[in-house]
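Asks: Here are the chains, one letter per residue:
Number of protein chains: 2
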Amino acid sequence: MKLKFADRMANVKPSAIREILKASSDPNVISFAAGNPAPEAFPVELVRKISDELFATDPISVLQYNITEGYAPLRDKLREVCRTHYHVGTENDDIILMSGGQQGADLAAKCMCNQGDVVLCEDPSFVGCLNSFRQFQAKLIGIEMDDEGINLEKLEAAIRAHEHIAFLYLIPTFQNPTGLTMSARRRREVYELCKKNNILIVEDNPYADTRFRGEAIDPIKSLDDDGVVLYLGSFSKILAPGIRLGYAVGPKELITRMATAKQAEDVHSTIWSQRVACRFLESVDLDAFAKHLGDIYRRKCDLTLALLDEKVAGRFQYTRPEGGLFIWCTLPDGVDMLDFCARCAADKLAVVPGNAFLAAGDEGKTQSFRINYSTPTDEQLRQGVEILGKVAHEVIG
Amino acid sequence: MKLKFADRMANVKPSAIREILKASSDPNVISFAAGNPAPEAFPVELVRKISDELFATDPISVLQYNITEGYAPLRDKLREVCRTHYHVGTENDDIILMSGGQQGADLAAKCMCNQGDVVLCEDPSFVGCLNSFRQFQAKLIGIEMDDEGINLEKLEAAIRAHEHIAFLYLIPTFQNPTGLTMSARRRREVYELCKKNNILIVEDNPYADTRFRGEAIDPIKSLDDDGVVLYLGSFSKILAPGIRLGYAVGPKELITRMATAKQAEDVHSTIWSQRVACRFLESVDLDAFAKHLGDIYRRKCDLTLALLDEKVAGRFQYTRPEGGLFIWCTLPDGVDMLDFCARCAADKLAVVPGNAFLAAGDEGKTQSFRINYSTPTDEQLRQGVEILGKVAHEVIG
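Heads up: the sequence lines are chains X and B, in that order. 231 is the number of the first residue of the first sequence in my numbering; add one for each residue after it. 231 is the number of the first residue of the second sequence in my numbering; add one for each residue after it.
Okay, chain X solo, but in the shape it has when bound (with noise of 0.2 Å):
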């Protein structure tokens, strides 16, 4: 029989990052190109003390079906933990829990985004969002970012050129896939831009707890006193992907919404996931844990710019991040980086070409490219920089 899809996915492609993912699980691949948190990172021995006694007291509760905001104590938990850690949730704010961070980006998309509507992103950003807005047929305007983070006379052009923007996507800490970090300064500015203007501000903040080098800096949504914000955060980088959860905390009327939408997806998120999250912040300090992380992501991309200033030796530049997982490369200009990216591919290894990650797609333009130290062992960081850099001798000199 012949199926006739529906417009918004007669001509997606899946994620060229998921794609890779697929592909580089070729044992003889050595991956640059995934966006998973360390192993060594996982508080292994907690979730399985967690998990055991969660059996031995509760088994039931586990596994019955909740209600789709999430695990009361969880929510009650979080909102404390929101206010006191990330400085982010006020008394007009509600709590949903998700089944990761990205199903943020689809219950914003699937709330505020009718078919044409505008989703305003830096340029570049996470290809996994943007695809969510893809989905909900969002026209994508990526906006320009310089050092303080997005171009904030780019967003104002932006702002005035179009009617009708559902929100503005930003990930204001160690961006992916860039791993910049927008300044408190430009942080006030666009907030207040937004404010002005009426735009929700979707702010995704995954990589909160992973800085190892310099100043905290509060996420947008501490400045919000008029629900300009919704905040999602992701249990991904502190406890473990797999699990699948995240969270967002926003103004009560889109929560409300968000929550009807993820009652049609999936119900309610795992709830064993959830009470293990429970249980993991209830025992855990936060602040001293994040430092733990820290020290992990600190020593990993510590040694992979060690090795890059070792063996690439100026041939092309790239980022010192500051917290997250990524390091952005950029190619000298008349360099092929679709080529590079492929050449590297063929001595195995694999890294995310950079227009995987423009609102413009594969029609955009850029030389760079992304590679991620938190996944790969010591000695694979060695390998595959190895490789970068005999390409790099090869098509650069």
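You may find that some hints are simply not true.
A pair counts as met if it fits within one copy or between any two copies, since identical chains are not told apart.
In silico DMTMM-like cross-links for lysine to aspartate or glutamate, where the CA-CA straight-line distance does not exceed 25 Å [unchecked claim]:
1. LYS234 <-> GLU616
2. LYS426 <-> ASP237
3. LYS369 <-> ASP237
4. LYS307 <-> GLU321
5. LYS425 <-> ASP455
6. LYS232 <-> ASP324
7. LYS234 <-> ASP324
Hints were generated in silico from the structure; no laboratory data involved. In this text the structure is predicted, and so the values were computed from the model without any measurement.
Given the structure of chain X, go ahead and fit chain B onto it with the hints provided.
Replies: Then chain B, alone, in the frame of chain X:
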């Protein structure tokens, strides 16, 4: 700040069932309103043992990201189980794991349904899935049922009357809410009609393994040699609903698009759930396990029917199911059904008014309401039916 929501979510109300579930968390209310499987049916010890083993042998891969389509060994095992136990799936089909069967309805609508397209369904049908279709702005057309299932002449008439039919949604076995099972003959007739008219059937089969009386009838998907049927399975009733795990078996090009859609919704389903489900299927004889489930549900159903026979004594009609979780009650003409349900609620018994399940929603008219016998304890069943009898006596005489 004033938010302007997308049209699809501007006026959506939360599912009546979920809202009642929330209300019925009041410990003083006896809930016949839920659709929870019986807690005594959960294989708690087995899940605990499997989870222990996973954390002892392979904790990292339980916690790390995985691919969208699902944990590969579980997909393989399910392909085998689907062929041998459910008699569905050919070499032209593919399989994807999902976050509950509910996500199958969501992804089917996302992939197949443009705004304004028609979704045909049994009337009444499962409100959770109807809400998924509504959120993609489908036009729901409910088709009356008779003793053999969806009425064939009315289905044919609806197919003739409408263009742009996205699919036909069916729950052929122990239909929710009516508990009716479509005859083998009707299944073949519906399949042939849809094949001839190029209409996708979305066959939802969450109650597959709960039969406790009568002859098993194979799913419509077992007839499918032409990619006409998308089959939705669930672990909610054979393992546990809180793990949020279901799967879809269907034409490859549809499963590919569902994977792309799911990628943008939640990346993948919880890995712990998938690993537990995989070992569960490897550990149990599913025929024997289904018989064990049937024994649990037969006992609860028979107790409820005996109580209804005693307390209601012909004042209203009710079905005598052969499986599933529900009894469908129908009041005599002239009795105000909503008033009857409200009186029950005032007496601390929650039931679900039948119009919650109609394609026309709150606008629709029915004399029926749904009661669930799987969640309440025996004592609650006794007290609840006592209230039903009392209200019936007051209202009907």
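Asks: It remains to establish, for every hint, whether it holds in the given structure.
Replies: Hints, verified against the model:
Taking the shortest alpha-carbon separations for LYS234 and GLU616, neither the intra-copy value of 48 Å nor the inter-copy value of 52 Å comes in at or below 25 Å. Taking the closest pair of Cα atoms, LYS426 and ASP237 come within 25 Å of each other only across two copies (24 Å); inside a single copy the shortest separation is 35 Å, beyond that limit. When the C-alpha separation of LYS369 and ASP237 is checked against a cutoff of 25 Å, the pair qualifies both within a copy, at 14 Å, and between copies, at 16 Å. In the homo-oligomer, the alpha carbons of LYS307 and GLU321 lie at most 25 Å apart inside one protomer (15 Å), although the nearest pairing across protomers, at 48 Å, exceeds that limit.
In this homomeric assembly, LYS425 and ASP455 come within 25 Å of each other (Cα to Cα) only inside a single copy, at 10 Å, whereas the closest approach across copies is 56 Å. Proximity of LYS232 to ASP324 under the C-alpha cut-off of 25 Å is restricted to the inter-copy arrangement: shortest distance 16 Å between copies versus 45 Å within a copy. In this assembly of identical chains, LYS234 and ASP324 lie within 25 Å of each other by CA distance solely across copies; the values are 18 Å between and 40 Å within a copy.
In the structure shown, a violation is registered for the earlier hint numbered 1 alone.
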